[in-house]
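Participant: For the record, the sequence lines run as chains A and B. Residue numbers for the first sequence follow the numbering used here, so the first one is 856 and each next one is one higher. Residue numbers for the second sequence follow the numbering used here, so the first one is 856 and each next one is one higher.
Hint data in this document are derived by calculation from the structure and do not stem from the laboratory. Bear in mind the structure is a predicted one, so any value in this text is a computation, not a measurement. Some hints could be false.
Given that identical chains are not distinguished, each listed pair holds provided it fits within a single copy or across any two copies.
The calculated lysine to aspartate or glutamate pairs, modelled on EDC-like cross-linking and capped at a C-alpha distance of 16 angstroms, are [as the list claims (entries may be wrong)]: (1) Lys1406 / Glu932; (2) Lys1343 / Glu1279; (3) Lys1242 / Glu1175; (4) Lys898 / Glu1404; (5) Lys1064 / Glu1082; (6) Lys874 / Asp891; (7) Lys1148 / Asp972; (8) Lys1479 / Glu1177; (9) Lys1289 / Glu1337; (10) Lys1491 / Asp1032; (11) Lys1289 / Glu941; (12) Lys1242 / Asp1174; (13) Lys1035 / Asp1125; (14) Lys1035 / Glu1082.
Protein chains: 2
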Amino acid sequence: MKYIFILLLSSILVNAQIKTEALHLMPWPQKINLTDGNFALTKNFKVNITGNPNPRIFARTTQFLRRLDGRTGLFFEQGFVTKINEFPTAQLQINCVQNGKIGINQDESYQLEIKSDKININASSDLGAIHALETLLQLLQNNSTSYYFPTATISDFPRFTWRGLMIDAARHFQPIDVIKRNLDAMAAMKMNVFHWHLTDDQGWRIELKNHPKLTQLASDGQYYTQEEIKNIVHYADERGILVVPEIDVPGHASAILSVYPEVGSRIKFDQNTYAVERNSGIFTPTLDPSNPKTYQLLSEIFDEVCPLFSGNYFHIGGDENEGKDWDSNPKIQEFKKKNKLETNHDLQTYFTMQLIPMLKKHNKTLMGWEEIMTKNMSKEAIIHSWKGINEGVPAGQSLTTAAKNGYKTVLSNGFYIDLMLGVESHYLNDPMPKNSTLSAEEKAQILGGEATMWSELATPTTIDSRIWPRTAAIAERLWSDENVKDLKSLFQRMNTISFQLEGLGITHISNKGVLLRNISNYQNTAALEDFSKICEPLKVYSRNAGGTEYKTYSPFTLFADVCTPDAVDALGFNEAVSNYLKNKSTENQILVTDYLKKWIDIHSKLMALSANAPLIQPLLPLSKSVSDLSEQLLLKIEKKQAVNPNIMNDLVEKCNAKNHADVELAVYNSLKKLNSAE
Amino acid sequence: MKYIFILLLSSILVNAQIKTEALHLMPWPQKINLTDGNFALTKNFKVNITGNPNPRIFARTTQFLRRLDGRTGLFFEQGFVTKINEFPTAQLQINCVQNGKIGINQDESYQLEIKSDKININASSDLGAIHALETLLQLLQNNSTSYYFPTATISDFPRFTWRGLMIDAARHFQPIDVIKRNLDAMAAMKMNVFHWHLTDDQGWRIELKNHPKLTQLASDGQYYTQEEIKNIVHYADERGILVVPEIDVPGHASAILSVYPEVGSRIKFDQNTYAVERNSGIFTPTLDPSNPKTYQLLSEIFDEVCPLFSGNYFHIGGDENEGKDWDSNPKIQEFKKKNKLETNHDLQTYFTMQLIPMLKKHNKTLMGWEEIMTKNMSKEAIIHSWKGINEGVPAGQSLTTAAKNGYKTVLSNGFYIDLMLGVESHYLNDPMPKNSTLSAEEKAQILGGEATMWSELATPTTIDSRIWPRTAAIAERLWSDENVKDLKSLFQRMNTISFQLEGLGITHISNKGVLLRNISNYQNTAALEDFSKICEPLKVYSRNAGGTEYKTYSPFTLFADVCTPDAVDALGFNEAVSNYLKNKSTENQILVTDYLKKWIDIHSKLMALSANAPLIQPLLPLSKSVSDLSEQLLLKIEKKQAVNPNIMNDLVEKCNAKNHADVELAVYNSLKKLNSAE
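Same shape as in the complex, but just chain A:
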């Protein structure tokens, strides 16, 4: 009897047509048309591939089957997809006209048509087809007993051709498995450029057979072998992703100079002049642009590194060289005069121009951070725009300048995900400047954007939670129509995507548990986890003011490492307060007071846990502040008692404290509003 009931229920649900808004697709496709029907998934579901695709389509289709099977538990009969046209009558037909080439300005479009008994994917190449498979996975729906796709037609293509993620593997080394799972996540978000920051003051991370000392002396044993790099380039290629390596010169050079001090800019040097840096910040060690040995060394490095990467782009950094060691070295000053280089910028341009032919020899285009753009810089160079308000210039100014001056350019200002800002700041950051005076041709110079994950404060355990799910919003900004920007929809969809990214291997949710169990000293973590839902790590590098509080070897197992931007209960509380202040209905009041009661409860639980968990102690002043304020607010709201406004304001300001445990309360603004309004 119950069985019949379930069957009836399921058929009812199957026939209830889903609305477009209920689909949790990211990035949102260019055109989608839902029709009234469903494609039911069974264990007989099979895929067939036709056309002339790159073999990467086989691996991706096999992975698609495994991911779909993992989510549905249907035990698909089809195991590995390895041949063209193996199942001509399969329900899912993928046709690719041609072999997709990894790079920018490729045709990545696809058509996805889901009928009740057939699914067709048509794409110019496998690059579009693998995007279609990701869309199809995101379309999966279910009722109580079965899984299906809604019938639909989707026509999709990217708005920008450069949709990148940079990972800094120098500040904290990020092992191969971290890189691989992030490439998987990038592919799921239809991103196509992985920018690999491989060297910096804190370490040299690439094996060089002709210069083995670089990793022997300047990596603490943490580096990628050449085989591992080739393996990653192949892994990325299989996912339609271009890898752009970065060797950051002439600044950020502590690591390389600790091995080769003779090419540094200090007047006097010995083997101890430079050392691998353990702190964060901008440091003076800089390559000597007047020394022919510098170019000899770089040429040898590029000769060995370039062939490891099949793509046509090479990032040489070029950022944050303040030239202090140049200024204080008479030999370099003389070189400047002799070569009629007026400023250090001119000298850096001289330096960078020497690298262009070294890279061109290997068919690579030079890319660099915006500081490389001076009047004599080659127009072939790609300008990576990163500065903004924090650096005292208008946001992304260099992007417009680059486009106007004939450079291809990529935006990262506004996409600095390590700043720990709310996702909306990244989501609404359009690479195409609004109301700009750029011509169509100039606009075409703007290739897209790149999320940058600097790793001063991110370890292999925590980096995923710093990248995801927020980078999905950046991926959408770079792929979808400029008018797709509804924040409510973003948060809903990102929430689902977050779980799907976990299914793909991203550890942003699971490692939170790992850290919480450590902080709680293996006690119950529920109260700590709840508290983390209203706390966010200190923002814009204020967590590590001066760059010396945290060394590269400091513990990153603290409460601030658990917390993330977009604290989930803060989002809920903000909405509850906003609704309550508009309409003080009983329902709206309860939504607010439930939070307040929860926070009182959290503090008492944290107090109890702290008796056996020293790492909880630093949180107590903050949990006490929010608990104390919540108590007072409850007296006002529920009991309608009068409370002393001075005491209240004092309590509110205590909730704005940023000196406890490197986190801040994400509910401060709403608490303040609530206090003022009552």
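Given chain A, work out where chain B should sit, using these hints.
Facilitator: This is chain B only, laid out in the frame that chain A set:
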């Protein structure tokens, strides 16, 4: 004021002497003497190394500092330990007389002395010293605000020299990061042999430069490169662990024969005679022992594989060859006659004997599963005992036989962790047979034991939860005194160790959450998690009866993959019922009825969740059975109502069902007892 209170409290706690039983050490040391005092940890804590150790001590000491810092958040000033005698006045002094050699029968002993202002580790070599560091980490204590070690002297050494873990990377490929984190966990449990099962019917997992087709055609792209293997051997060496590779011959040969059918035993063959196996079980494809080409191929393989492994042991499998293809091939039968080999066992011995010189050439001793032991087998071979009651022979019979016949031998029967049995069955399985008639010399032939993790049903996501924490109990059996076998103490200590293993990278806890979120379809997982605390996966391979229900590419994202042996609430409930039946006090009754109420609640929550989670449906019959029975038992116990015994017995037997979702209720026996007793 509060600050003073905390200080007072902490000093009180610091002075309260911890009891030996409260220490959660695993494996338990041979001698421990706690004294009345503490060593307080501060950020100034430093380590100094003296003597003549292998450089692995530097990496291990650095890792020790990072792990201790990660747990305490103290921000130790010392970063990387790279030199002898760098801080002569450091609080922790490590002295190693000599450079430790990786292998068996090495001196792994250590002395650890903790005084209130100094810690001394003395060991013959770094091998003992790194064990001491693991013990020290396990000794960490805390009060509410600070961390300390209790003052103590520990003198420790292993009971057996072979303390192994085998991981099957053939059935399901286990990537490098899985292997690395398990090597870390092994080292934490003072285990010293990693047996790497690299080939089987389901795949060939080692790159061979001279036979590239093996991985091209028989690995589905999932294999270890030679560089990766060398990297793992080095990683293991740094942790004092010997790596023993296994290439399983002459049976378990589907993968190799799919590439080289000409060395198979079937009379007629072509390129399609053999195929990589997708199911589980014992299959007929077997190498042809009468064909010189077989030995030529194996010789070439060993010539390439042996140099990758620095250890002196090589496992050639040799198990489960039923000889069916030998029996049906006249050419092979003729070969038997010609060589006066009466049985297939004799023929296999002939085969195995050919391998001994191939391995000896590379300084490797041959090891094989017990089937290789026949009267003509070389006494140099090491016999790996695995059969027992499930195979119709007395448990570990071959171990005694081997010892008596002059073979060195290692026990795995009783250590088959993939059988999903309770930990006590492994813990109480002593490699030294009780009341045996073995002479002292014969006993010395028993090297130790090895946990075996076959991976038919274990993926990279789930394998850690199949290995840990249970293997810690096996590690203790192999290291500690034979009289250390209190089960209550085991469970208490294993619970703490389980969290510490997570801190080291083992994913057995965190991946449970990943799978639960998938099964719940991203809904709240609390009820599912609670239900998993009384369910265990079907045991002794009954989950995959016939070996065909699950293919290598089937989904292992199901509820049975979440569940583990030693279901935690079952342990609690068993104890509660046992106490209640002895003494029906109100307190004891409440402990029982709280469980029953919880299970009624779980079922109703699972019902609600299942409306939007098809993967929950298969659990409902079982959760309903336990809920229904719980309701009736509550009526009896709390309301003292009479219930129909037939109905009750029927409900109890429904709780014994093994046909739902591949799990069984671990509380069945206690429910039955409770029902009978009431």
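Participant: Take the hints in turn and mark each one as holding or not.
Facilitator: Results of checking the hints against the structure:
In the homo-oligomer, the alpha carbons of Lys1406 and Glu932 lie at most 16 angstroms apart only across protomers (9 angstroms), although the nearest pairing inside one protomer, at 52 angstroms, exceeds that limit. In this assembly of identical chains, the alpha carbons of Lys1343 and Glu1279 lie at most 16 angstroms apart only when taken from the same copy (10 angstroms versus 53 angstroms across copies). When the C-alpha separation of Lys1242 and Glu1175 is checked against a cutoff of 16 angstroms, the pair qualifies only within one copy, where the shortest distance is 11 angstroms, while the shortest distance between copies is 66 angstroms. In this homomeric assembly, Lys898 and Glu1404 come within 16 angstroms of each other (Cα to Cα) only across copies, at 13 angstroms, whereas the closest approach inside a single copy is 55 angstroms.
In this homomeric assembly, Lys1064 and Glu1082 come within 16 angstroms of each other (Cα to Cα) both inside a single copy, at 11 angstroms, and across copies, at 14 angstroms. When the C-alpha separation of Lys874 and Asp891 is checked against a cutoff of 16 angstroms, the pair qualifies only within one copy, where the shortest distance is 10 angstroms, while the shortest distance between copies is 70 angstroms. Within a single copy, Lys1148 and Asp972 get their C-alpha atoms no closer than 67 angstroms, and across copies no closer than 52 angstroms, so neither meets the 16 angstroms cut-off. Proximity of Lys1479 and Glu1177 under a CA criterion of 16 angstroms is satisfied in neither setting, with 44 angstroms inside one chain copy and 70 angstroms between copies.
For the identical chains of this complex, Lys1289 and Glu1337 are intra-copy neighbours only, at 11 angstroms inside a copy versus 76 angstroms across copies, given an alpha-carbon limit of 16 angstroms. In the homo-oligomer, the alpha carbons of Lys1491 and Asp1032 never lie at most 16 angstroms apart, since the shortest distance is 52 angstroms inside one protomer and 55 angstroms across protomers. For the homomeric pair Lys1289 and Glu941, neither the shortest alpha-carbon distance inside one copy (50 angstroms) nor that between copies (59 angstroms) is at most 16 angstroms. For the homomeric pair Lys1242 and Asp1174, the shortest alpha-carbon distance inside one copy (10 angstroms) is at most 16 angstroms, but the shortest distance between copies (65 angstroms) is not.
Taking the closest pair of Cα atoms, Lys1035 and Asp1125 never come within 16 angstroms of each other, the shortest separation being 39 angstroms inside a single copy and 38 angstroms across copies. For the identical chains of this complex, Lys1035 and Glu1082 are intra-copy neighbours only, at 14 angstroms inside a copy versus 18 angstroms across copies, given an alpha-carbon limit of 16 angstroms.
In this structure, the hints that do not hold are numbers 7, 8, 10, 11, 13, in rising order.
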